[in-house]
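Asks: Starting from the given sequences, assemble the full structure and let the hints guide the process.
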Amino acid sequence: MDDLVLLELERQKVLRSLFRLKLTCVFVAAAAAWLLYLAAQNAALSAVAFVVCGTAMYYFFESIFTDSFTFKFKRKVVRSIVEDCGLTYYPGDYVESDYLYMIYDFDIDKYSGNDLIFGQIEGMRVKFSDVEAISIKEDLHGNKTHRVLFAGILFVADFPKRLKGVTQICSGTDDFKDYGGKRARMDDAEFERLFRVYTTDQIEARYALTPSLMENLKLLKTRFHRPINIVLIGDKICMAIRTGRDNFEPDLRRPLVGKGANRFYKDEIGGFLRIVEELRLNRKIWLD
1 MDDLVLLELE
11 RQKVLRSLFR
21 LKLTCVFVAA
31 AAAWLLYLAA
41 QNAALSAVAF
51 VVCGTAMYYF
61 FESIFTDSFT
71 FKFKRKVVRS
81 IVEDCGLTYY
91 PGDYVESDYL
101 YMIYDFDIDK
111 YSGNDLIFGQ
121 IEGMRVKFSD
131 VEAISIKEDL
141 HGNKTHRVLF
151 AGILFVADFP
161 KRLKGVTQIC
171 SGTDDFKDYG
181 GKRARMDDAE
191 FERLFRVYTT
201 DQIEARYALT
211 PSLMENLKLL
221 KTRFHRPINI
231 VLIGDKICMA
241 IRTGRDNFEP
251 DLRRPLVGKG
261 ANRFYKDEIG
271 GFLRIVEELR
281 LNRKIWLD
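Numbering-wise, the sequence shown is residues 1 to 288 according to this note's numbering.
In short, the hints are calculated from the structure, not lab data.
Small disclaimer: the values here were computed from a predicted structure and weren't measured.
Wrong hints could be hidden among the right ones.
As the list claims (entries may be wrong) - Label-pair distances were calculated between CB atoms; the ranges are: (1) Leu23 x Arg206: 55 to 61 Å; (2) Asp2 x Glu215: 33 to 39 Å; (3) Asp188 x Asp107: 24 to 30 Å; (4) Tyr207 x Arg16: 51 to 57 Å; (5) Glu278 x Gln202: 20 to 26 Å.
Think of the CB as a built atom: it goes at the ideal place given N, C-alpha and C, for glycine as much as any other residue.
Replies: Next comes the structure, spelled out in structure tokens:
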């Protein structure tokens, strides 16, 4: 039997297991809430206990049923999609923090990630992965507070020409690194609505942000519906998409076989590769 079919059968089995887990959590949480009500005669407190107990139990045990499937999914489905694009996939590695510092003015205490995808597309190097940056603060009593500064996708690719200036394409209200750039207006009303452009070289920024590149960035913004922040610096384009979740993970609701299966995952990866393709096609602009 095909490996993908076996994985699909396992997906269905995991869904059934999670459904039984939900029922068990509801039953146990209801019993705990009822006992608390008998003891305290407080309906509001019992309701809170029901929600907290049930939710905590579910998320505590969920990984027992999903970890094995996720492991196999990444090595079969994600790796296959990546290799079909001529790239390499290292599920345990990630993009270096140096590139995140090019975008944000962060004070990072802990940096981690996974799902590194990298390689070359017709001579242009590209890499992207999930990353998480955390700040850790300690008060006078030794209590530590962890704050997630960034969680999402960090993308880095070669730019066709080493830039003299720095151009930032921003959305959201993050702590952007200050390069001293001035606001630049683009001749694309929709792009202007989604992004703000700052640059130290107005002419260079307009050469770099071609209509096709802006269109691809708009598509990414529409796809993720999350803040996307980009810096064009030196010979690199660095992009951070603040998804707030672990990306390139299996969606248990989506079948792995049949018409259109895995299209979601292919499109997610393909969106980044289209940017590299656009940069490659526009290489001639910089060589003229």
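Asks: All the hints need checking, so say for each whether the structure fits it.
Replies: Here's how the hints hold up against the structure:
| no. | hint | in the structure |
| --- | --- | --- |
| 1 | Leu23 x Arg206: 55 to 61 Å | 59 Å, holds |
| 2 | Asp2 x Glu215: 33 to 39 Å | 38 Å, holds |
| 3 | Asp188 x Asp107: 24 to 30 Å | 35 Å, violated |
| 4 | Tyr207 x Arg16: 51 to 57 Å | 56 Å, holds |
| 5 | Glu278 x Gln202: 20 to 26 Å | 21 Å, holds |
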